[in-house]
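Residue numbers (this note's numbering), protein chains in the order written: chain A, 1 to 432; chain B, 1 to 432; chain C, 1 to 432.
Rather than coming from a laboratory, the hints here were simulated on the basis of the structure.
Hints are not guaranteed to be accurate.
Because identical chains cannot be distinguished in the list, a pair is counted as satisfied if it fits within a single copy or across any two copies.
[What the hints assert, rightly or not] Derived lysine-lysine pairs resembling DSS-like cross-links, with alpha carbons at most 30 Å apart:
hint, residue 1, residue 2
1, Lys4, Lys397
2, Lys199, Lys272
3, Lys397, Lys199
4, Lys397, Lys272
5, Lys201, Lys272
6, Lys201, Lys397
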Amino acid sequence: MDFKIVADTMWVLITAMLVFFMNLGFATVETGFTRAKNSVNILSKNFVVFAISSIAFFALGWGLMFGNGNPFIGLQGLFGLAGADNSPATGAAYQGAYSAISWATVPLLAKFFFQLVFAGTAATIVSGAVAERVKYLSFIVFSFFMVGIIYPVVGHWIWGGGWLAVRGFWDFAGSTVVHSVGGWAALAGVLVLGARIGKFKADGSPNAIPGHNLGLATIGAFVLWLGWFGFNPGSTMAADVNAISRIVITTNLAAAAGILTSTLISWLLSGKPDLGMTINGCLAGLVAITAPCAYVSPVSSLIIGGIAGILVVLAVMMFDRIRIDDPVGALSVHLVNGVFGTLAVGLFAQDIFMPGTTGNGLFFGGGFGLFLTQLTGAVTVGLFTFLIAMVIWLVIKAVMGLRVSPEEEIRGLDIGEHGMEAYSGFQIFTAQ
Amino acid sequence: MDFKIVADTMWVLITAMLVFFMNLGFATVETGFTRAKNSVNILSKNFVVFAISSIAFFALGWGLMFGNGNPFIGLQGLFGLAGADNSPATGAAYQGAYSAISWATVPLLAKFFFQLVFAGTAATIVSGAVAERVKYLSFIVFSFFMVGIIYPVVGHWIWGGGWLAVRGFWDFAGSTVVHSVGGWAALAGVLVLGARIGKFKADGSPNAIPGHNLGLATIGAFVLWLGWFGFNPGSTMAADVNAISRIVITTNLAAAAGILTSTLISWLLSGKPDLGMTINGCLAGLVAITAPCAYVSPVSSLIIGGIAGILVVLAVMMFDRIRIDDPVGALSVHLVNGVFGTLAVGLFAQDIFMPGTTGNGLFFGGGFGLFLTQLTGAVTVGLFTFLIAMVIWLVIKAVMGLRVSPEEEIRGLDIGEHGMEAYSGFQIFTAQ
Amino acid sequence: MDFKIVADTMWVLITAMLVFFMNLGFATVETGFTRAKNSVNILSKNFVVFAISSIAFFALGWGLMFGNGNPFIGLQGLFGLAGADNSPATGAAYQGAYSAISWATVPLLAKFFFQLVFAGTAATIVSGAVAERVKYLSFIVFSFFMVGIIYPVVGHWIWGGGWLAVRGFWDFAGSTVVHSVGGWAALAGVLVLGARIGKFKADGSPNAIPGHNLGLATIGAFVLWLGWFGFNPGSTMAADVNAISRIVITTNLAAAAGILTSTLISWLLSGKPDLGMTINGCLAGLVAITAPCAYVSPVSSLIIGGIAGILVVLAVMMFDRIRIDDPVGALSVHLVNGVFGTLAVGLFAQDIFMPGTTGNGLFFGGGFGLFLTQLTGAVTVGLFTFLIAMVIWLVIKAVMGLRVSPEEEIRGLDIGEHGMEAYSGFQIFTAQ
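Turn these sequences into a full structure, and let the hints steer you where they fit.
Quick look at the structure:
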C-alpha cells in the first residue's frame, strides 16, 4: 500500500477525532455560560445532537452533499453509504474546493467520518443560541433537518462541486459552510422563540444573566481551540506537510489575536477584563480564520483574528441593543465572524499559498473579483439558510410547540424537561 | 526504516494515548453520577488505579498475557519486560486473534503501552460499581490482582494465543477481555460489599440516589466516546486504512444508536428523557460494538448499538429490582453489554470484512457455530473471572476489611478516608 | 515527497497539539487547588497567557532561541518568522541537543508550533505560584517578558546550540529549559509578592487553605499527564519508532511511581492519602523524567519518578516551613523536580539508548563528568533566570504595582479584577 494513502488516512481520522471532541467543547461552553437550572437540558441536547447528526448525515446528508446530481443538490449515495461510487474521489462532480489538494486516495468511510463531524458542528452551534427556553424534542427535530438537509445542500454548493464552487468561491474549512450556516439557522430560531423571560427590562435595556460555571466554560474553550487544530489543518484531507504546518500557525495566531483584542476592547468599554468576552474573542478569531486559514500569511491571520475579536464584542452589544437574546453569544461568534471570515478570503488571500486556487485578494493586488464572489456566497447562503430554517422552525412551532411554558422556564428546564438537577445537593439561589 | 513500521507505531501510540485518556472519562462519569461527599475518594481511586495498573502490568500482567506458556497462561517475560523475546510478534504462541492483521513490526514497548492502557481500563470499570462504600486501600489491593493476574490470564486465552483463540473465539477490541471481565469482577465485589445505606427501602424497592454533578459526568461521557476511537480502531495494531476507517464508523454508529434507543426507552418508561440513561446508552453501544467492530457492516453496528441502548435501561431496572446496588450502572453497561457484544459477533459477523477470520455469523448464513463459540467464551470467562474475583474480594475482606464503617459512609468517604472535601466552601446538603 | 518528512511532521504537529492542551491542564489544576473566589482570575490568566505567549514567541522568542548568533543569544529571524533561513535545520548554530536525531526535514512552521507550545508552558507554570494575589495585568506583562526573553535565552543555551549544548549538557524535553525556568521565575515572583493573607499564623506556622474543586484539579492532572505524552515523545521531533515507544514508557512509569510514593509518604506523614499530594506526585514524576526520558531504562524511570514523588511532598513541607507561599505547589513540582530531573541525567543515563549523546551517568559507570555538567547547567540557568525574573518582577512592581489591595484579596480577585463570579448562583462560604 502506498504510504501517502496511509499518512493521509491517519491525518484525516485523527483530525476528525479532534473535531468530534468539539462536541464536548460546545456542551461545556454553553452550559457554563448559562444558568445552573438549565444545565441538564443543555448538556443533554449537546450530547444527543451528535447522535442525531450521525444518523441524519448517514441516511441523508452525505448523499445530498457529495453525491453526483446538479449544481444545487447531490442525489447519489443516499441512505447509508449504499453506493461507494459516490465517493468524492471518484464522483465527477467533486472538482472544486479541494482541487489544489488531492484527496483521492483516502477511504470513503474516513472521508465520511470527517464530513460527519463537521455536519455535527453546524447543529451544535444552534444549540447555544436557543438555550434556556427551547423544548428538548423540538430542538432535536430541528437538528435532524439541519444536518440531514440544510447543511448538506449548502455544503454541496461549496464543497460538493456545486454552483458556488464553480464560480470560484473559497471556504477552506467552513466559515460559511459550518459557522455562518449554523449562525443563520440559530438567528431564525432566536427570532421565532423570542427572548428569555427577564432578559430585557420594560424599557428594552438588557439585564445581565451571568453564566453559572466559568470553569466549565473555560474547559470548553480550550477543547474547542484544540478541536480547531483538527478542523482547519484536517480540511486539507491530506498530510500535506507545508499546508498543515502553515494552517496550524494561522489558526493559532488568529485565536491569540482574537483573545487579546476582545479582552482589551471589553476592558476599555466595561472597565474590567471579562472572561466571557475573552473566550468569545478566541472563538471569534478561530471562526474568522476558518475560511482563509490556508490562503493567508501568519501576519494576515493576526489581523483577521484581531478584527474578529473586536467584531464579537461589538456584535454582542448590538444584539443586546436590538433585543435579540442569544444566551452564549453564538450569533456574534459564528454568524458575524463566519461572514467576516468568508469575506476576509477576498481581502487577504495570496496566491502563493495555494497556487492556482484563490488568486490574490483585494489587499494583495487581486482587485475586487474574489471579494465579490465571496460576498455573493455569503449572502446567498445566508438568505437560503435563514429562510429554510425559518420555515422549519415555524412548522415545528405549529406542530409540536417550540418553547417551554413560562412556569417551566422560570423554574428551570432541568426539572421541567428532565425531572432532574445538574447539581443535586448544592444550595443554589432560585433565580439561577 | 520501512514506512509501515513508522505508520503502524504512530497509530498504536496515538490510539493508546486516547485510551489512556479514558481514565479521565471513567473518573468524571463515576464522580458525577455519585454524591459530592464521596468525590475525593472516587477521583483518587481513579487516579491511583492507573499507577497501580502500570506497575502490575509491567511486573506481572504482560508476561502472563503474552509470554509463551501453555493454552491457559503465559510464563515468559515477567518482571519488567525483561525478555524482549516474548514479544507477541516473535512468540510462537501469538497466533490467533490478530492473524488477519500483521503487527509484527511495531516495537515491543509500543505494544506494551497499548496493552497496558487496556489493562488499566478493566480495573477502572470495577471502581464505579463498588463506589461510595469500599475502603480505599482494599480497592487498590484488588486492582493490583485484577491487572496483575485476572485480566492477563483471560487475555492470554483470547489475545495471547490461548485456548479460546485456538477455538476460533473472536473479540476484536475487548467486549469480553476488557468489559465483561471488568463487569464480572465488579459484580463479585458488589455482592460481597452489599448495597449502600439507604439505597433500598424496607420493602425492597429502590431509592433514587441522584448524581451530584452532571456536567462532570457529561465531560466523562464525551471523553470516553473519544477514547473509544482509540480503543477500537487502535486494536488493529496497524494503520490498515480500510479497517481503521470502517471501525471508526461502526464504533460511532453504535454509540449514536445506543444514545437514541436508551433515551427513547427511558423517556417512554419514566416520562422524561434521563441524561444518565442517555450517557449509559452511549457507553452501552460502545461496549457492545467493541468485540464486533471490525467484523460487521455499518447497518449492523446501528442495530447492535440500538439493542445495547435498550438492554442497558432494562438492566438498570433489573439490578434495582434484585437489589444489586451499582451506583453508576457499570454492570449494566460493561457486564451486560460486554456479553451481548461478544455474542453479537456470532450473529452479525460477515466474512467479507476480515476475510479468513470470523466467517459469517448466524444472521449472515454462517449457522450457529460461531455463536456457540462466542457463547462458550463468554460463559467460561464469566465463570472464571467471577470465581477468582470473589475469592480475592473475600480474602481482602477477611484480611483488611472491605467496607467503611456506617458512620463514615453516612458522613462521606472524603472526610473519612481522605480528611478533605471536594468542594471546599460550597454549601451542600448533608445527605449529599 | 519523502515519507519520513510526512511522518515526522505529523508526529511533531500531533504531539504539539497535546502539549497545547496542557494549557487546559494547568488552568484546571491551578483553579481547583485554589479558592472559588479567585477562579475567574486564574482561569482568565491561564487562558490569556497562551495568547500572549503566541505573540511574544512569534515576535521575539523564536529568533532569540534558534537564530544564529553567539553562544548566549540568537539574533536572526526575529519579528514574525521573517527569515525562513533561520530554521534550526539550516542554521549552523543548531547542532547540539538533537544531534542524535535528525529533524532537518520538518517544515519550519511545524517546528515553530512545537517550540511555541513549550514556551507557553514555561509561562503557565508561574501562574500557579503567584495565584490569589497577583494583579492580572502585571502577570500578563511578566508573561510577555518570560516567553519573549527569559525562556528563549536559556533555550538558546541548551537547545539552540549555545554554550551549554556545546559543553555536553543534556535536557531532552525540558526539565531545565521549561520546568526549572518556570520554577525559578515563579520563586522570584513569590518572594516579591509575599504570602497570601491568612496563609501563615503569627507564630509562622501555616494554615491550610484547601482548594475549592478537586474534580477540576483531577481533570487537569489527567490532561497534563496526557499532554506529557506529547511533551516527551514529541521532543524527538521525529517519528523515530524505537525512541518514541521507549519515551512513552519511561514517561508513564515515572508518573506511576511518583503517584505511588507521594501518596504513600503523605499517608504516612499525615495519616490520610491526600489527593492533592497524589496529583502533585504524578506531576513531579513527569517533570523529573522530562530531561532523562530518552536516555534511561524503564527501571531507572521508576526510580526517578519514585524519588520525585518523595521530593515533592518534602518540598511542600519545606516551603511551608520557610514561609514561602505557593498555593498550588508549583515550586515543589516544577522547580525542585526540574532540577532533580536534570541531575538524574547525570546519574541514570545509559549510552545505549541514544548512542553518541549523553554517555553513561554516574550509576552506569560514566563517573562524575556528566553529573557535573548537568549540575553546572542547573545552577547557571537557575541563577540567570532567578536574577532576570527578579529584576522584571521588581520593575513591574515599581511601575504598575504587583499585588492587589488587601480588601480585594479578601473579597476575591474575581469581583475585584473582573467584576464577575465563577459560580454565579451557588451559595459559597465567604472565606472561599
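Hint check:
In this assembly of identical chains, Lys4 and Lys397 lie within 30 Å of each other by CA distance neither inside one copy nor across copies; the values are 50 Å within and 55 Å between. Taking CA atoms no more than 30 Å apart as the test, Lys199 paired with Lys272 passes in both settings, with 22 Å inside one copy and 28 Å between copies. Proximity of Lys397 to Lys199 under the C-alpha cut-off of 30 Å is restricted to the intra-copy arrangement: shortest distance 22 Å within a copy versus 42 Å between copies. Taking the shortest alpha-carbon separations for Lys397 and Lys272, only the inter-copy value of 20 Å comes in at or below 30 Å, while the best intra-copy value is 40 Å.
Within a single copy, Lys201 and Lys272 get their C-alpha atoms as close as 24 Å, which meets the 30 Å cut-off; across copies the closest is 33 Å, which misses it. In this assembly of identical chains, Lys201 and Lys397 lie within 30 Å of each other by CA distance solely inside one copy; the values are 26 Å within and 44 Å between copies.
Comparing the model with each earlier hint shows a violation of hint 1 alone; every other hint is respected.
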